[in-house]
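Peer 1: Given next are the chains, with one letter for each unit.
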Amino acid sequence: MIHYFSKGIVLEQNKEPALSRELAEFLDPSMPPKYRTGETGDISSVGPEKLIAIAKEAGIVDETDGQPLFEKLEKARYNKVQTLVADAIDDEPYISSQLCPSFQLTDQLIGGVELAQKIIGAQKSCIAIYRDIYGVGIKIPEKLGEIPIERISGTYPAEYRSKTIYQSRSTAVIGSCALIHLYRAVYEKRCQTTCFVTVAGDCVATPQNLEASIGMTVQQLLDHCGLSFEPKRVVVGGSMTGYAITDTKSTKITPMTRGIVAFREDFDEMNYTCIGCGRCAQVCPEGLSPYYIYKFVTARRYAMLRNFDINLCIGCGTCSYICPAKLDISSVIMRGKQEYENYLQDQLRRRQKDSAQ
Amino acid sequence: MKKSLKNYREAMSRTRGIFAQNPVLIGGLALPIAIMGTTSLMNAVALSIAAFATIVPLMLVASTAGKYIPLNLRRTCYVLLAAAILCGVSYPIGKISPGIFDSLGIYYSLMAVNTILLYRTETYAHHASPLAAVVDGLRNSLGFSLVICVMAILREVVGKGTLWGRPVQTAIVLPSVLLPFFGFIFLGMCCAGAKGLSHLMKSRLIRDKLRGNMQGE
Amino acid sequence: MKLTHRFPPHIRSRENNVTVMGDAVLALLPLYFMACFFYGPRAAALGILSVLVCFVSDLLCQKLAGRKIGVIDLSPVVTGLIIPLLLPASIPYSIVVVADLFAILVIKQPFGGLGQNIFNPAAGGLAFVTITWPNLVFRYTAPFEKLPLFGEITARLVASPAYQLKMGGIPYRDFTDMLFGNFPGPMGATNILVLATCLIFLVVRKSANGKAALAFLGTVTVFAFVFPRIDGARLQSVFYELCSGILLFGVVFFLNDPATSPKREASKIIYAAIAGAVTMLYRYFGGFEEGMVFAILLMNAFAWGIDMCCEQWISRERRKRLEKKSEKL
Amino acid sequence: MLNSILTFVALTFTAMVVENALFSRALATSKALILVRSKKELFLFGGSVTVMTTLSSLLSWVANYFTRQLGWNFQLRAVAFLCCICVVYQVLCAAMVLKWPKEYEQLKDILSLSALNSAVFGSLIISSMQNYSLAGTIGYGLGTGIGLTISLILVYVGRKNLAMSNVPKVFKGLPIVLIYIGILSLAIYGLIGHQLPS
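Residue numbers (the numbering used here), protein chains in the order written: chain W, 1 to 357; chain X, 358 to 574; chain Z, 575 to 903; chain F, 904 to 1101.
Bound-form chain W, shown alone (with noise of 0.2 Å):
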């Protein structure tokens, strides 16, 4: 059991309505299912070679970082690499797009973690589940088929720290969707035409997992759960890490999305004035003090944050989470990170100019 330092923020997830429901198919009529060319025969005694070219025809995207899952097979088995890790890490709140498939989707998330072990030639794999998760209906068992189950514990940003720490232990890190469409492209000849999605929030009338079809706008999937009030924001990808949308039938759905949260009302006390608390610069997981970054990047003095590494920041949003003043501090840091590129280009122009004369 992996478990990380306590920097960072347990996060209330209330994943549970969506997560115990069924997961329910949502398919536009007018794109049809694309099916791949080629025979199923017995797959067996298809080499590795081939099931990459047959990833790499269905078109399947890993969900997590948005890089085609052939590419990654590939990589993991140029480096031959040890171990596979299917993530199923579901740690922003309101959000279960990996979990819910991966338990009422087990067989073929089985079938395709072995699809894929086979591929890189990795002796051990393991599925990823956050530990944190509490007031959840299912019980989280110890294996899956006889895959084992790795909880990753620690604080919120967890899927990001597991990320660095499995790249330092040489393994290949897949999402557990990926893996999914993966087996359906190989036993079902299925192309990846739909994504998983998780539509909750307290304005939907009833929060749930779908299989929806890649391309559908995000104001056909809320009519389709039902919306109980009348949404203030609503926010596609993360609760955390998602950014929120001002027109609904315009944005689609791409293989990225992995979650469309509706919130009812709007955080009306926004920006008090910072009291200093210090809270930020305790919960940072990266260790970095957000307290100064915010005040040298509002009063652009960019001078002072040499000592600050200001690219550092991973943008996971726990400081403007914890800051009792809701300062937005998080997206002035990710603002300042581009300004601070811009005023040290400025430094290496004045410089060489300087050394010219």
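Hints in this document: simulated from the structure, not taken from any laboratory. Note that CB positions come from ideal geometry on N, CA and C, so glycine has one too. Check the hints yourself; a few may be wrong.
Here are the simulated distance ranges between beta carbons [unchecked claim]:
1) K943/F with P449/X: 56 to 64 Å
2) P1004/F with A851/Z: 42 to 50 Å
3) R564/X with L623/Z: 39 to 47 Å
4) V10/W with K785/Z: 14 to 22 Å
5) K353/W with H484/X: 30 to 38 Å
6) N311/W with K780/Z: 45 to 53 Å
7) R564/X with T578/Z: 31 to 39 Å
8) L675/Z with R561/X: 54 to 62 Å
9) G226/W with R564/X: 33 to 41 Å
10) D1012/F with D565/X: 41 to 49 Å
Lysine-lysine pairs mimicking DSBU-like chemistry, simulated, CA-CA at most 35 Å apart [claimed, not checked]:
11) K326/W with K337/W
12) K637/Z with K559/X
13) K899/Z with K80/W
14) K1063/F with K552/X
15) K1011/F with K353/W
16) K942/F with K898/Z
17) K163/W with K124/W
18) K559/X with K1063/F
19) K642/Z with K75/W
20) K552/X with K898/Z
Model the placement of chains X, Z and F on the given structure of chain W, informed by the hints.
Peer 2: For chains X, Z and F alone, kept in the frame of chain W given last:
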């Protein structure tokens, strides 16, 4: 009185040393004397007489002869000359009250080294005609002594409850007002007040000017 | 469907400025009950007056500085509650008003109001009052003397154990007396047990840092053990140094004041350790019997410097670690 | 011999912390706020004040001894001390011109301002008024210089912090720094506890 912005700027430039660029409040010169010397009105009056006596002649000397002496020699001459003048002036000042030099302590002889002297002579007197230098010296020392006397009155009344030695009826007596820390804070507040006043005057006049233009068209 | 655009993250913790300041107010209220229990309703009257003065002057200053008033801001209430607790219960009302005005008008508002002030306003106000009226501030009434709400104070005024320590004497108080605070001293700073519970409450609510408090108390005990003011009895001197004066009160409220203490955890500990040493320095060589207030003011000036040095040191460590990791990959 | 070392150390300590030139006597405030803009200037100013006070306190003790014999009044003795400072300053300038002429050209202005400074002159007058022994005068001069440098560092750190926080428009610049120094001198006053002989 609808004083237009031009009149205001002209009035300010004519009284440059007193209100607009006050050496103590805006320029930040001669602060130690403004902080420690203003514990009683007698001290302030003595120091302002010393200021008049040292700054004006030195500006004259600086504008006439100062340009030709090299830098380090020039400054020492100014300082020695000022100290000599202070010795001379100490006799009339001694008449104000017997204990004046004990309560002033080192701050009377520090007038010889104060920064109004060193900075005004450098920045203004060297490239100005003798008459203009003397007038500027007068204006600066007038501004300096005005600020010092006002601060001394307030500090003495609140601190000791007396004015020029005679008791004055005050609501509350805070003896700690005479200490150096309150000098700093009080001077800081006066600088802020001066800056605020000039901002207020400028913004009001600019608003009148804008309103005047709008009605004019 | 009118949607608003917000930056991530889209869920926020329930705490806001009012609850954070509310914790400090909650931690202060039991001290007022104890003060009223010992010294009668005069303590509550002092508290209410001081809070009113602080709140009104803070509001006026914000309106003068042209800032929008609308957000409930409890920090003047906290300052107003702290100031009477460190003064004797028999103090005239005018002194508390002067301390409040000085704290808000001179120490808090010119530096930029709520989050920007560099010095702790309560400490500054008390320092000013201690300097102007040392004899009034260090004369305490014995507890359980019911003081009249207004009018002349006829109770006998006694010196506190801190004064006896300063003079080299041994304040003969038995153990339980010192803990429950029934010995003459500042209104709120004598009951050690209540203060300890307030500290634990604040640590649990994450608005106080437990390690910083331990670092402060550690340096104080080391100082008191190595250089005891009571000749010979080292442990006794440690106990009396900790319990007398406003030391424990300072640990709970001055050291963990959000705006004036450093932000990073490591620099909070260093700041607390140096503050402990400076407080003992003020007690041994200081001009007044209780130097904690001046030590806190002096340390607030260092807070920013300590934080910057810690940032520099930690970023150097972090860069070394990153290089090591990149070599390994 | 031993007690002269003791007075030396004791007076250095008092001049450094208790009778600090900047906080308890407000001696070098205007030059500290105008002249000291960067870290280099800070240490240059502090260093030259320390050198000036220690060297000229030697001369001033001798001058003090003679003027007390001749019975001059206070102002005349002050002029004598000022002459000591100017002599030492000229000697220093001559040495600088010979040894490092290039640096001297750049630092000419700052050196002359920090030599003829109220901190240097004030510390000499105080140590002669108190009639300290030779070791005491030198100790007092050294302590004033070091104390001034430390308080300049504190003010420098404070000014960087103040430049960062949004101080109201009226207080920006000189006023807020004066209030900052005032509160620090309030804190250091806690060590003294009584009025200093001015």
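Peer 1: Each of the hints needs a verdict: does it hold here or not?
Peer 2: Against the structure, the hints come out as follows:
1. As the Cβ distance of K943/F to P449/X is approximately 45 Å, the hint placing it in 56 to 64 Å is violated.
2. A beta carbon spacing of about 47 Å between P1004/F and A851/Z agrees with the range 42 to 50 Å that was offered as a hint.
3. The beta-carbon spacing between R564/X and L623/Z, approximately 41 Å, falls within the hinted interval of 39 to 47 Å.
4. About 20 Å separates the C-beta atoms of V10/W and K785/Z, a value consistent with the hinted range of 14 to 22 Å.
5. Between K353/W and H484/X, the C-beta spacing of about 34 Å keeps the proposed range 30 to 38 Å intact.
6. In this structure the supplied range 45 to 53 Å is violated for N311/W paired with K780/Z, their Cβ-Cβ distance being about 29 Å.
7. Against the hinted window of 31 to 39 Å, the Cβ-Cβ separation of R564/X and T578/Z comes to about 36 Å, which satisfies the hint.
8. With their beta carbons about 29 Å apart, L675/Z and R561/X fall outside the hinted range of 54 to 62 Å.
9. The hinted window of 33 to 41 Å between G226/W and R564/X is violated, with their beta carbons roughly 57 Å apart.
10. Under the hint 41 to 49 Å, the C-beta atoms of D1012/F and D565/X, about 43 Å apart, fit the expected range.
11. For the hint pairing K326/W with K337/W, the CA-to-CA distance comes to about 21 Å; that is within 35 Å, so the pair holds.
12. Between K637/Z and K559/X the alpha-carbon distance is near 21 Å, which keeps this suggested pair within the 35 Å criterion.
13. Only pairs whose Cα atoms come within 35 Å are accepted, and K899/Z paired with K80/W is accepted, the gap being roughly 21 Å.
14. Straight-line distance between C-alpha atoms of K1063/F and K552/X comes to about 21 Å, which keeps the hinted pair within the 35 Å bound.
15. At most 35 Å may separate the alpha-carbon atoms for a hinted pair to count; K1011/F and K353/W meet this at roughly 30 Å.
16. Between the alpha carbons of K942/F and K898/Z the distance comes to roughly 33 Å, so the proposed pair stays at or under 35 Å and holds.
17. Between K163/W and K124/W the alpha-carbon distance is near 17 Å, which keeps this suggested pair within the 35 Å criterion.
18. Among the hinted pairs, K559/X with K1063/F is consistent with the structure: their alpha-carbon atoms are about 29 Å apart, no more than 35 Å.
19. Distance check on the hinted pair: K642/Z and K75/W sit about 57 Å apart at the alpha-carbon level, beyond 35 Å; violated.
20. Between K552/X and K898/Z, the direct Cα distance comes to roughly 55 Å. Violation of the 35 Å bound is thereby established for this hinted pair.
The structure shown violates the earlier hints numbered 1, 6, 8, 9, 19 and 20.
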